[in-house]
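Order-wise, the sequence lines are chains A and B. Heads up: the first sequence at position 93 corresponds to 93 in my numbering, and the numbers run straight through without jumps. Heads up: the second sequence at position 125 corresponds to 125 in my numbering, and the numbers run straight through without jumps.
Bear in mind the hints are in silico, worked out from the structure with no lab data behind them. One or more hints might be untrue.
Rough simulated footprint, nothing fancy, chain B against chain A, three-plus residues with beta-carbon under 8 angstroms [said to hold, decoys possible]:
#, region
1, 24 to 33
2, 229 to 237
3, 251 to 257
Owing to the predicted nature of the structure, the values given are computational and were not obtained by experimental measurement. Positions of the beta carbon are idealized from the N, C-alpha and C atoms, including for glycine.
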Amino acid sequence: MRLITRAGLYYLCITACLCILAGFIFYGHLSSLLEEEMNEQLAIERKDIRQYIAARHQLPESLSSDDRHLQFIPVTSEVDSSTMDTFLLSPLGDEMLPYRQHIFPVFASGKWYKAILSKPMVEKDDLLDAIARSLGLFLLLLLIVLIFFNQWIAHKLWSPFYKILDQLRSVQLQYHSSLSTPPTRIKEFNELRQGINRLLNEISHQYLQLKDFTDHASHEIQTPLAVIRSKLELLLQKEDWSGKEWEWISDAITSTGRLSRLTQSLLLLSRIENRQFSSLEAVDLGELIRNRMEAYEECEPGSHIKMELFLHEPLTVQIDPSLADILVSNILQNAIKHNVEPGQIKMDIHSTQLTIANTGRPLSKPSASLFQRFNKDGLPSDSPGLGLAIVERICSSYGFRIAYHYNDGWHSIQIVFS
Amino acid sequence: MKLLLVEDQEDLATSIVSFLIATGYRCEWACTYQEADSRISMFSYDCALIDIMLPDGSGYQLVRNLRKYSPSAGIIVLSAKNSVDDKIKGLDLGADDYLPKPFHLAELHSRIKSLWRRRQMNGVMELVFNEIKIIPDQMVVEVHHTPVILTRKEYELLLFFITNQNRVMLKEVLAEHLSGDQAEFFNSFDFIYSHIKNLRKKLLDQGCADYIQSIYGVGYKFTAL
Numbered sequence: 001m002r003l004i005t006r007a008g009l010y011y012l013c014i015t016a017c018l019c020i021l022a023g024f025i026f027y028g029h030l031s032s033l034l035e036e037e038m039n040e041q042l043a044i045e046r047k048d049i050r051q052y053i054a055a056r057h058q059l060p061e062s063l064s065s066d067d068r069h070l071q072f073i074p075v076t077s078e079v080d081s082s083t084m085d086t087f088l089l090s091p092l093g094d095e096m097l098p099y100r101q102h103i104f105p106v107f108a109s110g111k112w113y114k115a116i117l118s119k120p121m122v123e124k125d126d127l128l129d130a131i132a133r134s135l136g137l138f139l140l141l142l143l144i145v146l147i148f149f150n151q152w153i154a155h156k157l158w159s160p161f162y163k164i165l166d167q168l169r170s171v172q173l174q175y176h177s178s179l180s181t182p183p184t185r186i187k188e189f190n191e192l193r194q195g196i197n198r199l200l201n202e203i204s205h206q207y208l209q210l211k212d213f214t215d216h217a218s219h220e221i222q223t224p225l226a227v228i229r230s231k232l233e234l235l236l237q238k239e240d241w242s243g244k245e246w247e248w249i250s251d252a253i254t255s256t257g258r259l260s261r262l263t264q265s266l267l268l269l270s271r272i273e274n275r276q277f278s279s280l281e282a283v284d285l286g287e288l289i290r291n292r293m294e295a296y297e298e299c300e301p302g303s304h305i306k307m308e309l310f311l312h313e314p315l316t317v318q319i320d321p322s323l324a325d326i327l328v329s330n331i332l333q334n335a336i337k338h339n340v341e342p343g344q345i346k347m348d349i350h351s352t353q354l355t356i357a358n359t360g361r362p363l364s365k366p367s368a369s370l371f372q373r374f375n376k377d378g379l380p381s382d383s384p385g386l387g388l389a390i391v392e393r394i395c396s397s398y399g400f401r402i403a404y405h406y407n408d409g410w411h412s413i414q415i416v417f418s
Numbered sequence: 001m002k003l004l005l006v007e008d009q010e011d012l013a014t015s016i017v018s019f020l021i022a023t024g025y026r027c028e029w030a031c032t033y034q035e036a037d038s039r040i041s042m043f044s045y046d047c048a049l050i051d052i053m054l055p056d057g058s059g060y061q062l063v064r065n066l067r068k069y070s071p072s073a074g075i076i077v078l079s080a081k082n083s084v085d086d087k088i089k090g091l092d093l094g095a096d097d098y099l100p101k102p103f104h105l106a107e108l109h110s111r112i113k114s115l116w117r118r119r120q121m122n123g124v125m126e127l128v129f130n131e132i133k134i135i136p137d138q139m140v141v142e143v144h145h146t147p148v149i150l151t152r153k154e155y156e157l158l159l160f161f162i163t164n165q166n167r168v169m170l171k172e173v174l175a176e177h178l179s180g181d182q183a184e185f186f187n188s189f190d191f192i193y194s195h196i197k198n199l200r201k202k203l204l205d206q207g208c209a210d211y212i213q214s215i216y217g218v219g220y221k222f223t224a225l
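Same shape as in the complex, but just chain A:
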């Protein structure tokens, strides 16, 4: 819901409540006003009747007309005056109508009478009805005005805000360090614009620094590793080592390789997250997988892992070619490393999805942590457990959906490209 719609709704709700309250107040005021007026009229008539009796020494005729009833009832002693509301049959005799009734004593021809004077009142229902109708009409008018007014405000008053919002949506940190919207005359929008600009400036600065860092970190880490490795290899060529020393040097060299791959994987992850892979090409994933499979089988001809590729339809994806290569190699690597011996790998390729299933022991950790960094599930410790995390980052950066299932000894990873 738009802010302005919501504000309008609140405004309307409050107005409706106020209208109802105003209705009651109107009603109270109007009815007390009418009552006073009625009492005054009744008092005037009483005065007329008393004057009439004083002048003529007889009772006036009992009278019943549209706008008043007069009745005299002989009583033995003087009654008290009183005024009340009552209902009487209408002149047409078909409904009960509200009347204001005044009872007062008169003395004529040596006798006491109780005079009952009744005058019809405006019906309360009618009064309420009239008030409700006029307020309802007012509310309706207000609603219409509000809708048009909101539209106009949204167009005119809030337009700088929506412009800022539009720009924010399309901001790319590599290229933008400020918004290009011009300043407006509204103080709040200007403050918003300045705030966002300051923030953008800072973030893009940090972003560029991080990007720089990843580029340099690689160099700074790989170079000492290369030094260590080359020195160790020179050591290795000395002839007079015993078996233990060979092993130490070999382990140290293997560790430099591991460290080098680890930093490369981490840098790769941050490069993906920083969207530093921006070229898009149509890549045939089926072809890529077949090449990888063949290369693997050539390296390990007697492998105990049987690989099968079912290419139902060709699968071509718009992706950065080097990321496609990393994606394919990582899921394949994962399926090989987590396999059992003898084991199987089955790959199914459809026009928009790729499924890779491998035999293997059930996971010892919940499957939700499968795509997290440094998740190594029962794997020999020389693997840092970044492969699937990288796959997941690649998928999410392109909007591919990735899912994991385990069924009856088979782990399967499915990627839907759409």
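Following the hints, complete the assembly by docking chain B onto the known chain A.
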């Protein structure tokens, strides 16, 4: 064979230089862009090993200059930034090969040798080691003048061994050489064991001496006995 190493890290450069000199190359070292640029304009080299990130200039420019001064020289780009873009850029500018840091010295030697063969002999060179003869361009191996049928990996292994003879080769180095960027596919480097076993058997079957020596389970050594 005269080499030029352009590398700003002194520690790394001294190891590479001493390794290459021990291997039998003549090797000079330049540690800055300026020094390297004046050397390549004055002297001629058979092969240059160029680090891309130099404190006072870009290795790419050196690649460009070297191509201009001596088109026949081999160029291997060394880079700590193992990115595809860098690799493509280096090769586009005229480099012959790309080796990401950290690399194994034996691998570097093997690349230099293979580059040298490609550039120098136009592929007609024969590689002879006692009774073994290799014609690299045709991937043909003969023992006592009888052809031996090897798989591609066995052939690569033999060539790598002969290039790096009398040197201890760790299983890891062999595995990375054979599998290239697929080394991570394997839980261990044991897959090279079967390749070595088959290679050794095929050579022995032809009456070849057993040159491949196992070193304490960590690697192998190819020696002329």
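inquiry  = So, against the hints stated earlier in the document, which numbers end up violated here?
reply    = Violated hint (a single one): 1; every other hint is consistent with the structure.
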